[in-house]
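If you read the sequences in order, they're chains A and B. Just so we're on the same page, this note's numbering is the position in the first sequence counted from 1, plus 564. Just so we're on the same page, this note's numbering is the position in the second sequence counted from 1, plus 4.
Bear in mind the hints are in silico, worked out from the structure with no lab data behind them. The model shown is predicted, which means the values in this text are computed figures rather than measured ones. Just to be clear, a hint being listed does not mean it is correct.
[What the hints assert, rightly or not] Examples of chain A residues toward chain B, derived with CB under 8 Å:
id, residue
1, Ser645
2, Ser672
3, Arg694
4, Pro699
5, Asp720
6, Ala721
For each residue, glycine too, the CB sits at the ideal point set by N, CA and C.
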Amino acid sequence: MSGDHSSSVISAHVRQVEALLEQRGLLDDGEIDRRIDEFAAGGTPANGARVVARAWVDPGFAERLLADANAALGEVGLSMSGGLQEQRLKVVANSATEHHVVVCTLCSCYPIALLGPSPSWYKSEAYRSRVVRDPRGVLREFGVELPAETRLSVWDASAESRYMVLPRRPEGTDALSEAQLAGRVTRKGLIGTALV
Amino acid sequence: MTTGTDRFAPGDRVRTRSLDPAGHTRLPRYARGAVGVIVEPAGSHPLADDRARGRVGSAQTVYHVRFAAADLFGAGDHTVTVELWEDYLTPVEEDAP
Numbered sequence: 565m566s567g568d569h570s571s572s573v574i575s576a577h578v579r580q581v582e583a584l585l586e587q588r589g590l591l592d593d594g595e596i597d598r599r600i601d602e603f604a605a606g607g608t609p610a611n612g613a614r615v616v617a618r619a620w621v622d623p624g625f626a627e628r629l630l631a632d633a634n635a636a637l638g639e640v641g642l643s644m645s646g647g648l649q650e651q652r653l654k655v656v657a658n659s660a661t662e663h664h665v666v667v668c669t670l671c672s673c674y675p676i677a678l679l680g681p682s683p684s685w686y687k688s689e690a691y692r693s694r695v696v697r698d699p700r701g702v703l704r705e706f707g708v709e710l711p712a713e714t715r716l717s718v719w720d721a722s723a724e725s726r727y728m729v730l731p732r733r734p735e736g737t738d739a740l741s742e743a744q745l746a747g748r749v750t751r752k753g754l755i756g757t758a759l760v
Numbered sequence: 005m006t007t008g009t010d011r012f013a014p015g016d017r018v019r020t021r022s023l024d025p026a027g028h029t030r031l032p033r034y035a036r037g038a039v040g041v042i043v044e045p046a047g048s049h050p051l052a053d054d055r056a057r058g059r060v061g062s063a064q065t066v067y068h069v070r071f072a073a074a075d076l077f078g079a080g081d082h083t084v085t086v087e088l089w090e091d092y093l094t095p096v097e098e099d100a101p
């Protein structure tokens with residue numbers, strides 16, 4: 565597993581390449597840091613929460629979101645195009661019979677535009693290696709106790725797609741506005757390591 | 005926009021490669037040599053293994069492939085859905101009726 569990115573050999577290599585690109589005028593001074601900052605700037609779990617709240621109040625939107633998430637995001641003014649290329653988004657919906665949880669076992673792929681920077685536990689080797697093998701046990705450690713008959717579905721972001729969980733709408737929230745509903749959605753709920 | 009190769013359809017059974025490559029791959033070790041089911045295509049991209057070696061290949065379809073945990077780990081009642089390039093997959097012939 566590539567869990568440790570602190571290798572001084574790799575860091576030195578990256579700095580050397582960056583310096584060469586700057587020398588040859590292919591990169592402005594500090595451009596990489598600036599691009600990373602721009603990419604991360606709009607990313608916050610509030611975006612994902614807004615998508616979920618819309619899906620809860622608008623079944624048509626929910627259907628479009630599950631069928632083609634990238635297209636549906638445009639309806640709420642969001643996109644997955646913040647990086648060099650648009651990333652495909654796959655939204656998976658929890659139900660009374662199935663619970664989804666997302667991981668990137670190979671590194672730490674994550675929908676930053678919708679969820680912001682990932683939490684440290686998401687990048688830990690413990691989470692990445694254990695949740696594919698024993699999701700029920702890992703969820704229990706997160707305080708999520710699911711009925712034995714609930715099917716568990718783990719999604720490994722091993723290629724180019726990013727994933728977000730559409731949690732179930734909590735009971736007794738019929739009177740809440742869309743904005744109030746968005747306030748109930750947590751980052752862990754969007755990864756699948758918490759209920760909402 | 006590149007077009008996919010689309011060799012497999014949802015519901016097809018596939019076996020993943022068991023080879024342990026010398027360099028970068030996106031076929032996780034736990035999912036090697038296992039039989040799973042195609043869920044749906046997930047876009048079309050050049051093989052990551054080639055890109056990591058500085059080779060430019062043509063785009064091929066990437067699929068969500070679902071595995072029963074018991075087939076991967078020998079235990080567990082959950083499923084794991086992995087995103088895999090077509091190159092990693094070979095068809096599993098259905099038994100004749």
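A quick look at each hint next to the structure:
1. A hinted interface residue such as Ser645/A counts as satisfied when its beta carbon comes closer than 8 Å to some beta carbon of chain B; here the least separation is about 14 Å, so the hint is violated.
2. For Ser672/A, the interface hint is violated, since its Cβ never comes within 8 Å of a Cβ in chain B; the closest pair sits about 14 Å apart.
3. Taking 8 Å as the C-beta contact cut-off toward chain B, the hint placing Arg694/A at the interface is violated, the least distance being around 11 Å.
4. Because the beta carbon of Pro699/A sits about 5 Å from the nearest beta carbon in chain B, less than 8 Å, this interface hint is met.
5. Taking 8 Å as the C-beta cut-off, the interface hint given for Asp720/A holds, the closest approach to chain B being about 5 Å.
6. Because the smallest distance between the Cβ of Ala721/A and any Cβ of chain B comes to about 7 Å, under 8 Å, the interface hint for this residue holds.
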